[in-house]
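K.L.:
Sequence:
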Amino acid sequence: MTTDKEEVTKHQLLPCSFKFYDFNFEAGQVRFSCHIIKMEASLYLWAGDFPTGSMNDLTFALLSQYETLPISTRLMGSLADTTSTNFAKRLAKKIGKPVYVSFNIGTDNLSLPAVEKRIFQEFKEHPEILSFD
328 MTTDKEEVTK HQLLPCSFKF YDFNFEAGQV RFSCHIIKME ASLYLWAGDF PTGSMNDLTF
388 ALLSQYETLP ISTRLMGSLA DTTSTNFAKR LAKKIGKPVY VSFNIGTDNL SLPAVEKRIF
448 QEFKEHPEIL SFD
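Just so we're aligned, residue 328 is where the sequence shown starts under my numbering, counting upward by one.
Hints were generated in silico from the structure; no laboratory data involved. Glycine included, each C-beta is placed from N, C-alpha and C at the ideal position. None of the hints are false.
25 Å max Cα-Cα, derived DMTMM-like pairs, lysine to aspartate or glutamate:
(1) 346 x 460
(2) 420 x 460
(3) 346 x 367
(4) 421 x 443
(5) 444 x 376
(6) 451 x 376
Across the chosen pairs, the derived CB separations fall in these ranges:
(7) 445 x 346: 18 to 26 Å
(8) 337 x 378: 44 to 52 Å
(9) 338 x 393: 35 to 43 Å
(10) 345 x 444: 21 to 29 Å
(11) 409 x 441: 12 to 20 Å
(12) 364 x 340: 14 to 22 Å
(13) 356 x 460: 36 to 44 Å
(14) 381 x 341: 29 to 37 Å
(15) 367 x 447: 17 to 25 Å
(16) 444 x 339: 41 to 49 Å
(17) 458 x 337: 30 to 38 Å
(18) 383 x 458: 26 to 34 Å
(19) 460 x 351: 26 to 34 Å
Hey, can you work out the whole structure from these sequences and the hints?
P.N.:
Pasting the structure below:
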């Protein structure tokens with residue numbers, strides 16, 4: 328029979344393998360924020376309006392051995408808005424890993440390419456964000 332003290336000593340905390348990266352940018356007149364969590368074998372990207380910080384949208388995408396394009400599913404948010412779904416598929420294809428994308432930016436069709444371009448520019452300037460060793 329073990330005592331409570333012996334039971335506690337059998338468990339130990341492991342170091343966190345998550346990596347965090349944040350940046351802010353402006354597109355037009357609006358300031359945006361982007362938060363990235365790189366996990367062991369996947370990536371989470373949150374992009375949203377700088378002051379609000381809300382999460383009303385979440386999509387998961389990954390590569391499949393049965394499909395040439397990544398498959399995705401919306402976990403949260405409106406099915407009518409395909410912005411995060413399309414972005415998650417492009418990102419999953421680019422890095423070859425599963426991705427979670429929460430795109431909380433009220434953009435129009437004209438400013439959306441500028442926002443995506445800025446996010447991919449950040450990936451290009453900081454390749455360690457997308458490197459999974």
